[in-house]
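2 protein chains.
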Amino acid sequence: MIANSTVAIVGLGLMGGSVARAVTARGGRVLAHDRNTESLEQAMRDGVVQAALGHDLGGLDEADLVVLALPVDATCRTLPVVARHATRARLLMDLASTKRSVVACAESAGIGERFVGTHPLTGSHRSGWHAARASLFDGARVFLCPTSTTTGAALRLAEQFWSALHARTEALDARVHDDEMAWSSHLPHIVSSALAVTLAEAGIPRAALGPGGRDVTRLAGSSTAMWSAIAADNAPAITSALLAFEEQLRSFREAIACRDGESTRALLDAGRAWCETGEVEVRAGLETLPLTP
Amino acid sequence: MIANSTVAIVGLGLMGGSVARAVTARGGRVLAHDRNTESLEQAMRDGVVQAALGHDLGGLDEADLVVLALPVDATCRTLPVVARHATRARLLMDLASTKRSVVACAESAGIGERFVGTHPLTGSHRSGWHAARASLFDGARVFLCPTSTTTGAALRLAEQFWSALHARTEALDARVHDDEMAWSSHLPHIVSSALAVTLAEAGIPRAALGPGGRDVTRLAGSSTAMWSAIAADNAPAITSALLAFEEQLRSFREAIACRDGESTRALLDAGRAWCETGEVEVRAGLETLPLTP
Chain C
637 MIANSTVAIV GLGLMGGSVA RAVTARGGRV LAHDRNTESL EQAMRDGVVQ AALGHDLGGL
697 DEADLVVLAL PVDATCRTLP VVARHATRAR LLMDLASTKR SVVACAESAG IGERFVGTHP
757 LTGSHRSGWH AARASLFDGA RVFLCPTSTT TGAALRLAEQ FWSALHARTE ALDARVHDDE
817 MAWSSHLPHI VSSALAVTLA EAGIPRAALG PGGRDVTRLA GSSTAMWSAI AADNAPAITS
877 ALLAFEEQLR SFREAIACRD GESTRALLDA GRAWCETGEV EVRAGLETLP LTP
Chain U
637 MIANSTVAIV GLGLMGGSVA RAVTARGGRV LAHDRNTESL EQAMRDGVVQ AALGHDLGGL
697 DEADLVVLAL PVDATCRTLP VVARHATRAR LLMDLASTKR SVVACAESAG IGERFVGTHP
757 LTGSHRSGWH AARASLFDGA RVFLCPTSTT TGAALRLAEQ FWSALHARTE ALDARVHDDE
817 MAWSSHLPHI VSSALAVTLA EAGIPRAALG PGGRDVTRLA GSSTAMWSAI AADNAPAITS
877 ALLAFEEQLR SFREAIACRD GESTRALLDA GRAWCETGEV EVRAGLETLP LTP
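For the record, the sequence lines run as chains C and U. Here the first sequence is numbered in my numbering, starting from 637 and rising by one per residue. Here the second sequence is numbered in my numbering, starting from 637 and rising by one per residue.
Just chain C, same shape as in the assembly:
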């Protein structure tokens, strides 16, 4: 479905750039915009982007498929502009990490039928065009969150697109997606960042950490523009998750401070048991939607 199609991509960071590379590698034609003209020019020099879209997204009417690869706040601001120009596209997708507000914006912009909110679970602490690679989505899980009016045809097209990129799609209600991500993605991210700031203020350089500590703090190196937008967009759910984590942390601290070895061991054991069951590749905690025919 990609060969001979024209795909318009707005935003050539890690995600958008990787989609651009994957589409070009499969014989598709890529039109793109990035407010960072250096990235855009580099992408054109690299032969990945065939033509630039205008600043006002002029040229979008040529696209069969539109991909918005921007932080969630910019996605919501850009959707009305996309709706005006993308007259021909049969499928419009965004790649932001939260989906509830994006799906609502798409409905409000009048493109609900052709829109599928999309979230590839391929987080990386790297960002920008230079980090993009055609294989980013190989084997990745991609959540598809339809609007209330998304047609079966648009959803099937989205599945075919990601399947061509070797990703595994799962259709999911946008609200369920965001509540779930608050725990499984946003909480670990904020924890990693808060730990990084704590160590910075204690005067501990990252180079003093062992391999384990470096892993725990790796996510703190991610794009802060993207993550502050996620935090704002999913604030209530993230706040609940943080409160639960703080309570758990207090239990650990109290057990340790009192040298209550039995309680400390029980807490550590609970964490380890969870890690061990995690080796199984089952996604029992996520409620999946049946695909509409």
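The hints are simulated quantities; they were obtained by calculation from the structure and are not laboratory data. Honestly, I wouldn't trust all of these hints.
[To be verified] A partial selection of chain C residues facing chain U, derived with a Cβ cut-off under 10 Å:
1. Ser821
2. Leu831
3. Ala832
4. Asp851
5. Thr853
6. Ser859
7. Ala867
8. Asn870
9. Glu883
10. Gln884
11. Ser887
12. Cys894
13. Arg895
14. Thr913
[To be verified] Examples of chain C residues lying across from chain U (beta carbon under 7 Å, computed):
15. Val833
16. Leu845
17. Thr860
18. Ala871
19. Ile874
20. Phe881
21. Ala893
22. Thr900
23. Leu904
24. Asp905
25. Trp910
Even for Gly, the Cβ is constructed at its ideal location relative to N, Cα and C.
Starting from the known structure of chain C, fit chain U onto it as the hints suggest.
Frame of chain C; chain U shown alone:
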């Protein structure tokens, strides 16, 4: 210095097992004890351990060098027994992750002159004999914490030993070591475990996490016997570090809950800046002791 030496190792887990493999690979003779007889027998079948020590550590008098590779609490309990038997050894080391109490126990057991508290910074979430490998210490940082009476000859011998295993040694006061590790190692570990328990209680399986979240929670899979001993041994310093982290986390939560984008971004930026300086391989935060001649 290893070839033709007899090295006694008590504990054949990840650390002790890896020392055993590295010593055997360099032509040393390994005597060992592990209360898990299966590990010990496997190590003998693998040709890594040449003979078993007695349950009471009988046979330790043959050793030129003794390595205790046990959790910190077991190390302290075992040191008096070692002191009685290790009559010939010119160097005794432990490999526990905290050093203040071990060094004090060695002094109290009357082996202070020949003892060097040792901490190889090669943390792994894996544990046990099956995880041991001869190359574990390649390029690793190894902290050497002398007692108040360690001789220059014993310290030099310890340096030569780890140097033969391709590790980089740094002599450090045991108290400074433990205070430092509370931040750079123990705090990230407890954070990882507390996050694992939080997710377990929220019903989120580890398989639902992306690669970033899996990294943040990886340390929670470590040996809980080892880590509850560390937590008890370094409780006051860990408690301080946890309190500082909890305060930082509260700042993040308050900024997010109020959708204060500017504060959220500033906090995330501080974490990211710390990550980026961490790419430099400099250990500015640790106070190193000059080696005594």
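Hint validity - threonine 913 of chain C Cβ closer than 10 Å to any chain U Cβ | holds (6 Å)
Interface hint status, alanine 867 of chain C versus chain U (Cβ within 10 Å) | holds (5 Å)
Measuring from the C-beta of cysteine 894 of chain C to each C-beta in chain U, is the shortest one below 10 Å?
-> holds (8 Å)
Per the CB criterion, is aspartate 905 of chain C less than 7 Å away from chain U?
-> Holds, about 5 Å.
Hint status (Cβ of threonine 900 of chain C to nearest Cβ of chain U, threshold 7 Å) | holds (5 Å)
With chain U as the partner, please determine if serine 859 of chain C meets the hint condition of a C-beta pair closer than 10 Å.
-> holds (8 Å)
Interface hint status, leucine 904 of chain C versus chain U (Cβ within 7 Å) = Leucine 904 of chain C check passes; min Cβ-Cβ to chain U is 4 Å, inside 7 Å.
How about arginine 895 of chain C: closest beta carbon in chain U under 10 Å, or not?
-> Since the shortest Cβ distance to chain U is 5 Å, the answer is holds.
Satisfaction of the alanine 832 of chain C interface hint, Cβ to chain U closer than 10 Å | Since chain U brings a Cβ to about 4 Å from alanine 832 of chain C, closer than 10 Å, the hint holds.
Against chain U, with CB atoms and a cut of 7 Å, does the hint on alanine 871 of chain C hold up?
-> holds (5 Å)
Let me know if the C-beta of threonine 853 of chain C comes in closer than 10 Å to any C-beta of chain U, holds or violated.
-> With a closest approach of 6 Å, the threonine 853 of chain C hint holds.
Given leucine 845 of chain C as an interface hint, is the shortest Cβ-Cβ distance to chain U below 7 Å?
-> Check passed: Cβ of leucine 845 of chain C comes within 5 Å of chain U, closer than 7 Å.
Violation of the numbered hints given earlier is absent; every hint is satisfied by the structure.
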